[in-house]
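> In order, the protein sequences belong to chains A, B and C.
Per the working numbering: the first sequence ends with 688, consecutive numbering throughout.
Per the working numbering: the second sequence ends with 227, consecutive numbering throughout.
Per the working numbering: the third sequence ends with 308, consecutive numbering throughout.
Derived from the structure by calculation, the hints contain no laboratory data.
The beta carbon of each residue, even a glycine, is placed where N, CA and C say it ideally should be.
A couple of the hints might just be wrong.
[Claimed, not checked] Straight-line C-alpha distance at most 27 Å; calculated DSS-like pairs for lysine-lysine:
no. : chain 1 : residue 1 : chain 2 : residue 2
1   : B       : 16        : A       : 484
2   : B       : 59        : A       : 564
3   : C       : 92        : B       : 197
4   : A       : 564       : B       : 90
5   : B       : 177       : C       : 92
6   : A       : 537       : B       : 177
7   : A       : 558       : A       : 537
8   : B       : 90        : A       : 596
[As the list claims (entries may be wrong)] Per label pair, the in silico range of CB-to-CB distance:
no. : chain 1 : residue 1 : chain 2 : residue 2 : range
9   : A       : 681       : B       : 92        : 31 to 39 Å
10  : B       : 224       : C       : 204       : 34 to 42 Å
11  : A       : 653       : C       : 126       : 24 to 32 Å
12  : B       : 224       : C       : 93        : 30 to 38 Å
13  : B       : 114       : C       : 93        : 54 to 62 Å
14  : C       : 23        : B       : 14        : 53 to 61 Å
15  : B       : 181       : C       : 93        : 51 to 59 Å
16  : C       : 155       : B       : 92        : 39 to 47 Å
17  : C       : 24        : A       : 387       : 54 to 62 Å
18  : B       : 89        : A       : 653       : 35 to 43 Å
19  : A       : 233       : C       : 218       : 41 to 49 Å
20  : B       : 215       : C       : 14        : 24 to 32 Å
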Amino acid sequence: MKKTREKTELSELTTGEKDNFVKNVLVTASSVSGMKTALEISRLGLKITLLEKETELQDNHADIVDQGTVEIRNSLLQKIEKDKNINVVSPASIIKIEGTAGNFSVKIKKDNDVFFQKYGAVVIAGQNLTETVPVFLNFHNTGIMSQQKLGRLLGDSPHTVSPVIRKAKTIAFVFNDSGENSRKLTMSGLKYTCLLKKNTNCEVYVFISHLIVDSGGMEKLYREARVLGVIFIKYNENYKIISNKNGSIGIAAKDIFLDADIELFCDILVIGEKFIPCIQEDGLKTGYDTEGFYQDANVYLYPVSSRRRGIYFVGECRGDQDMMRTNVDVLNAALNSYELLSGFDIHSGGNVKVESEKCKVCLTCIRVCPHQAIRLVPFSDPAQQEAKNVAGIFPEACYDCGACSAMCPAKAIDFEFKRAPLNEYSDEQILKEIECLKQDDLPVFCCAESAFLAAERAVEINLYYSPRVKIIRVPCIGRVDLIHLFKAFEQKVPGVLLAGCPEQACTHLEGNIRAKDRVKYARELLKGMGIGEERLGIVFIGPDMAHRFVREISEMLERCST
Amino acid sequence: MIVAERKPFEEIWNMISHYNRILVLGCGTCVTICWAGGEKEVGILASQLKIAGEKNNELIITESVPERQCEIEMIQELKDKEGNIDAILSMGCGAGVQTVAGIFTDIPVFPALNTTFLGMPEAEGLWVEMCSACGDCYLAYTGGICPVTRCGKGLLNGPCGGTRKGGKCEIDPEKDCAWVLIYRRLEKLSMLDLMEQYREPKNYRAVKRPGIIRATAR
Amino acid sequence: MKPVPFREVLEKKDFIVTVEVAPQKGTNTGKAISHINLLKDRVDALNVTDNQSSVMRYPSVGMCLLIKENGGEPVMQATCRDKNRLAIQADLLFASSRGINNVLCLTGDAIDVGDHTQAKPVFELDSVQLINLVNTLNSGKDMAGNELNGKTDFCIGASATPSSDPVEPQLLKFRKKVHQGISFVQTQAVYDIDELKRFIEYARKLDGGMKILAGIVPVISARMAEYMNANVPGIFVPDTLITELKNTPKGEGIKKGIEIAARFIRQIKDEKVCDGVHIMFIGREERIPEILEASGLWA
Chain A
127 MKKTREKTEL SELTTGEKDN FVKNVLVTAS SVSGMKTALE ISRLGLKITL
177 LEKETELQDN HADIVDQGTV EIRNSLLQKI EKDKNINVVS PASIIKIEGT
227 AGNFSVKIKK DNDVFFQKYG AVVIAGQNLT ETVPVFLNFH NTGIMSQQKL
277 GRLLGDSPHT VSPVIRKAKT IAFVFNDSGE NSRKLTMSGL KYTCLLKKNT
327 NCEVYVFISH LIVDSGGMEK LYREARVLGV IFIKYNENYK IISNKNGSIG
377 IAAKDIFLDA DIELFCDILV IGEKFIPCIQ EDGLKTGYDT EGFYQDANVY
427 LYPVSSRRRG IYFVGECRGD QDMMRTNVDV LNAALNSYEL LSGFDIHSGG
477 NVKVESEKCK VCLTCIRVCP HQAIRLVPFS DPAQQEAKNV AGIFPEACYD
527 CGACSAMCPA KAIDFEFKRA PLNEYSDEQI LKEIECLKQD DLPVFCCAES
577 AFLAAERAVE INLYYSPRVK IIRVPCIGRV DLIHLFKAFE QKVPGVLLAG
627 CPEQACTHLE GNIRAKDRVK YARELLKGMG IGEERLGIVF IGPDMAHRFV
677 REISEMLERC ST
Chain B
10 MIVAERKPFE EIWNMISHYN RILVLGCGTC VTICWAGGEK EVGILASQLK
60 IAGEKNNELI ITESVPERQC EIEMIQELKD KEGNIDAILS MGCGAGVQTV
110 AGIFTDIPVF PALNTTFLGM PEAEGLWVEM CSACGDCYLA YTGGICPVTR
160 CGKGLLNGPC GGTRKGGKCE IDPEKDCAWV LIYRRLEKLS MLDLMEQYRE
210 PKNYRAVKRP GIIRATAR
Chain C
10 MKPVPFREVL EKKDFIVTVE VAPQKGTNTG KAISHINLLK DRVDALNVTD
60 NQSSVMRYPS VGMCLLIKEN GGEPVMQATC RDKNRLAIQA DLLFASSRGI
110 NNVLCLTGDA IDVGDHTQAK PVFELDSVQL INLVNTLNSG KDMAGNELNG
160 KTDFCIGASA TPSSDPVEPQ LLKFRKKVHQ GISFVQTQAV YDIDELKRFI
210 EYARKLDGGM KILAGIVPVI SARMAEYMNA NVPGIFVPDT LITELKNTPK
260 GEGIKKGIEI AARFIRQIKD EKVCDGVHIM FIGREERIPE ILEASGLWA
C-alpha cells in the first residue's frame, strides 16, 4: 500500500497546475538564433539554460549568412556571458523530452553523463546541416563551386581575392539549385556578385527562376548589383549544366524574356548550397515537415509552435530561414514561452477524460494523441488491491480534439458531460443529436474550427440550404467515431457527411486525415451491408468557404437522395 | 498478445441473419487492444446488425464485453441471459468462442473474428506476427528474432536463396528477410558463431496437439 | 551407350556440363522424352526440377526414371516445400532403389509464387538439414536413427547464390551446406565473371572437395534482363549486357542470348574459372544444343 501512495503523489506532482509550472526555459542549440532567443527570454525575467553540442558556443552557418554574423555573434556571446539568467551548458545535447508544457522532464547528455532536468518550455533553435553543391558526376574538378567556397576564395577586400577567382573572366551564378526559393542564398549570392564586381574585372551572370527580395536590404542590394553591371537572366523550367570540347563549363536555360534557349560558357559556376535537415532520433516526438525540417507543415503551428505545447522551433531548424525571419521567430518563441509560464495564455484544454476503470492500457490514445498529452499514470482501482498504470490526459497539453476518444477500442475516453453550451462533444450528447435525426435528414458532422464556421457564415449571408441538413458540431472531424456514423444510419438517414479542415490545415494536425481513413474503412463496412459508398461523404472546407459548403451539402443531398 | 481481425460483414450476416435475439459478445483483453473485439467494435457490429435487419421487427441485439472471454468464471456470469437470446456472436479469439460455446450449451455460438496470430503493435494500427507458439523456443540462437515465425519458410539454418535486394523477403518485398536481420544482429553482438552452428531439424511435436499444460502448484 | 555415373564424371572430367529439364504438367511424356533424347548424350547429366516455381507438375522422380529408361544420367532435385520428413525419405529410398543416384538438395520456392497459392507450405526441413538427411540415408540409417534394410548411395549437390545482397548470410549458409558434405554445387544464374570468381575463391577456401558448376541462364531480351534484375532474387545482369541486348535487332533476341551465354561459358572454360556449367533454358530446351555448339561443348 505504501508503494501505491508514493506513486499517487508522484502523479499529482506531474499533473502540473499552472502554479506548479517550472519557470525556466531550455534553449538549444546556441546558434545566433538560439542566443538571441535566450537573451530575449531573459529580458522577460525567466531563467534559461542554453545547451550547446560543441565545446563552446558557435554558429555553423557563419559562412553563408550575412558577412556581419561574426560580429553579431561576438557581441551576443559577450551579452550572454554577462547575463545572470542564462546558464550555458556545453557540450551537451537533448536525448528526449518527457512530460508536458510547464513540466517537461528533459533527458540531457553532458559529456558522459545523462541526467533529467525540469523545464517549463523548450526552444529548439537553428540546428541544421548544409550540404554543399550537389555532385555532378560528369563534371569532376571543373569550375563548379558552392557559395561557401567562393566566399572563402573571395575574402572581403581586393587584396584577398584568390588567384583562382582573379583568373576567371566569366562567372555565373545559380542561387538555388532546388526549386524552393532561399532568401538566405539569394542574399549571400547578391553580396558576392557585388563583391566580384567591385574587386575583380570579371563578367558576372546570375540565372534565376524567381528572385525574392522581400527581406531587409535585399531590394537595395539587388539594385546595387545591377548598377555594378551584374547581368540577370530569368529562365523558366530547369537549367542544364553543359560543357564544351575545351572542357569549359557552362549553363543552358530558356530565357523567358528573349523566349529563346541560351547557352553561356563560364570559368566558374557558383551553385547555391542545398540546406538539408539533420534528421536524427531526437526524442522530441514533434514530427517533421515534408522536407524533413522540424515543425509539421501545418498552418496552425506557424510561426514557432510544435505539436507539443511548450516546445518551440526557431530559425533554421524550421527550414531555410533568413535572419529577418529568424528574428521574428525569436520574439515569438520568447513571448510564447513567457505567456505559457506566467499563466497569461487562455489555453483551455483537458475536457477529455479517461475513465480509468475501463482503460485496457492498449496505448492507442498515447500513440494517437497529436499533442503528446497522454501518458500512463498510476491509478488505484478501489475494486482491486493493486495499483496499475492507466492512460491519463494532461490538461495543460491537451487541445480537446477528441482524437483519443474516437479511437479508444474500450470506449474509456470521453468528453466530460457538461450542460454549458460550448461542451456538446460527449458521446452521450452527440448520440442524442443523432437520435433526433429524422428519416430524410442529412446529418453533417462539422468541425467547429472550419466547416461549422462556414455553415454559420452561410446563414449570415443568406445562402439557402435545405432544412433537411442537420449540422452536428464536433471539435474536429477526427472526433467522429465509427459508432456515430452507424448510429446515424440506424436512423435511416439517406447519407452522412463529414466536413473538416483542408489538408495540412487541420487545427488538430491530423484529425482530418484520420477521419478520411475512417470514412474509407466505414465505406467498406457499409458496402458489405449493401449501402453504397456515395451515402457516406467527407469534404474538406475552410472556415470562410460558405458557398463551397452549401454547394457540397447540396450535392451530397442530391447524391444520396437518388 | 493474440491478434485478430473482423470477418467481413456478409459472412457474419450469413451466419446469423435468421436469428432474432442476438448477443454480441466482445472481449476486454487481447482483441480489445488489437481493435478487433472491444467495446467499440461490439458497438459497431451491433449497429451494423440493426441496420441490416431493419425489416425484422423482432430483432433484438444486446451487447456485452466481459473482461476475458476465455475465462469460464467470467462467462458463467452471463449464463442467466441464455433464456433471452437465440444466438451468440462472439468477438473473442478462437479460445474465447470455444469457452463461450462450452458454457452456452443450448444456443449456437458464431465467431465474428478471424484469429490471426501472436504479435505486437509496431505502430498505431499495425500489428506484426512475432511468435508461432511452437513450444520449442529458438530465440536464444537467433539474436532474439524468430526464424520460425518471421522467415517466410521457417528455415532454421540461414536464408533461402530467395532473399531480395537489400535483404527483403522473397514472399513479400515489403518485409525484411528474417535471416538478414538475424545475421546483422548477431554480427553486432559478435555472436555469429551461433548462426554457423548446424541446427537439427525442429521437433514439431514439442507440443502435442492439442496442447495442454498442467502446472504444479506455485 | 551406358551413361557414365555422375559421380565418376565429377571425379574425372575436366569440364562438366549439366542441363536443367522440367517435367510437364500432365501425363503426356512425349515432349519430355524428346528433350531427353536430344540432350542425354551431349551433356553429363540432366537435372530435373521439383515442382519448379511452386507450380504443380509431373514429379521429379518420375522424369528421372524416364531419363534412366532412355539411357541418360539424371540428377533429381529435392525441395523441402512439399513434403515432410517421412515423405522426403520415402521418395529418396524409392529413387535410390531405381538407380537414381544423384540428388540436388534445395529449400524450394515460396508457395506464393506458384499456381496453388492456398497450399500449406511444409518446409519442415531446410536445405542444410536435407543434405544432412541424405548423408544419413547414405550411411544406412534413417533420420530417426533406425537401421535401413539397404542403404542409399547418393551423390549430393547443393545450390549457392553468389550475387545476393547482402551476400554474407548466403555465404554463411553455403558454408554450412559444405560442412554437411556435398559433392557438387550449382550456382544461381551468374553473368558477371568477377562476381563468379570471387565466389569460387571463397568456395575453394572451404576445402569441401566439391565441384562447382556455374549457373547459366541465357537472357534473350533487355526487358527480360531488367525484369530479372528487379524481381528475381539473387540475379544480377550487368548494364553492359543489357545494352548489348538493346542493340540487338528484333527477332534475334534468342540468338543473341545464346551467343552471350556461349561466350560466357567459353570464358569460364578457357580461364578455368570453375569445374563446369549448369545450363538452365527452361521452356526452350530444344535450343540448348545451339548453346553447346556455340560454346564448343558439342562433343
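> All hints, please: hold or fail.
Hint check results:
1. With a CA separation close to 26 Å, the supplied pair residue 16(B) and residue 484(A) stays within the 27 Å bound.
2. A hinted pair counts as satisfied when its Cα atoms are at most 27 Å apart, and residue 59(B) with residue 564(A) qualifies at roughly 17 Å.
3. Pair hint residue 92(C) plus residue 197(B) does not hold up; C-alpha atoms about 36 Å apart against a cutoff of 27 Å.
4. The straight-line distance between the Cα atoms of residue 564(A) and residue 90(B) is roughly 33 Å, outside the 27 Å bound, and the hint therefore fails.
5. Taking the CA atoms of residue 177(B) and residue 92(C), the gap is near 26 Å; set against the 27 Å cutoff, the hint holds.
6. Between residue 537(A) and residue 177(B) the alpha-carbon distance is near 39 Å, which puts this suggested pair outside the 27 Å criterion.
7. For a cut-off of 27 Å, the pair hint linking residue 558(A) to residue 537(A) stands: about 17 Å separates their Cα positions.
8. With a C-alpha separation of about 39 Å, the suggested pairing of residue 90(B) with residue 596(A) is violated against the 27 Å cut-off.
9. Distance hint check: the CB atoms of residue 681(A) and residue 92(B) are about 50 Å apart, inconsistent with the given range 31 to 39 Å.
10. Between residue 224(B) and residue 204(C) the beta carbons are some 55 Å apart, a value that contradicts the proposed interval 34 to 42 Å.
11. One distance hint, 24 to 32 Å for the beta-carbon pair residue 653(A) and residue 126(C), holds here, with the actual separation near 25 Å.
12. The beta-carbon spacing between residue 224(B) and residue 93(C), approximately 31 Å, falls within the hinted interval of 30 to 38 Å.
13. In this structure the supplied range 54 to 62 Å is violated for residue 114(B) paired with residue 93(C), their Cβ-Cβ distance being about 38 Å.
14. Restraint check, residue 23(C) to residue 14(B): a C-beta distance of roughly 60 Å satisfies the suggested window 53 to 61 Å.
15. With their beta carbons about 25 Å apart, residue 181(B) and residue 93(C) fall outside the hinted range of 51 to 59 Å.
16. Here the CB-CB span from residue 155(C) to residue 92(B) is close to 60 Å, at odds with the stated 39 to 47 Å.
17. Between residue 24(C) and residue 387(A) the C-beta distance comes to about 59 Å, which sits within the given range of 54 to 62 Å.
18. Distance hint check: the CB atoms of residue 89(B) and residue 653(A) are about 38 Å apart, consistent with the given range 35 to 43 Å.
19. At about 58 Å, the beta-carbon gap between residue 233(A) and residue 218(C) misses the expected band of 41 to 49 Å.
20. Between residue 215(B) and residue 14(C), the C-beta spacing of about 41 Å breaks the proposed range 24 to 32 Å.
Going through the hint list in order, the structure does not satisfy hints 3, 4, 6, 8, 9, 10, 13, 15, 16, 19 and 20.
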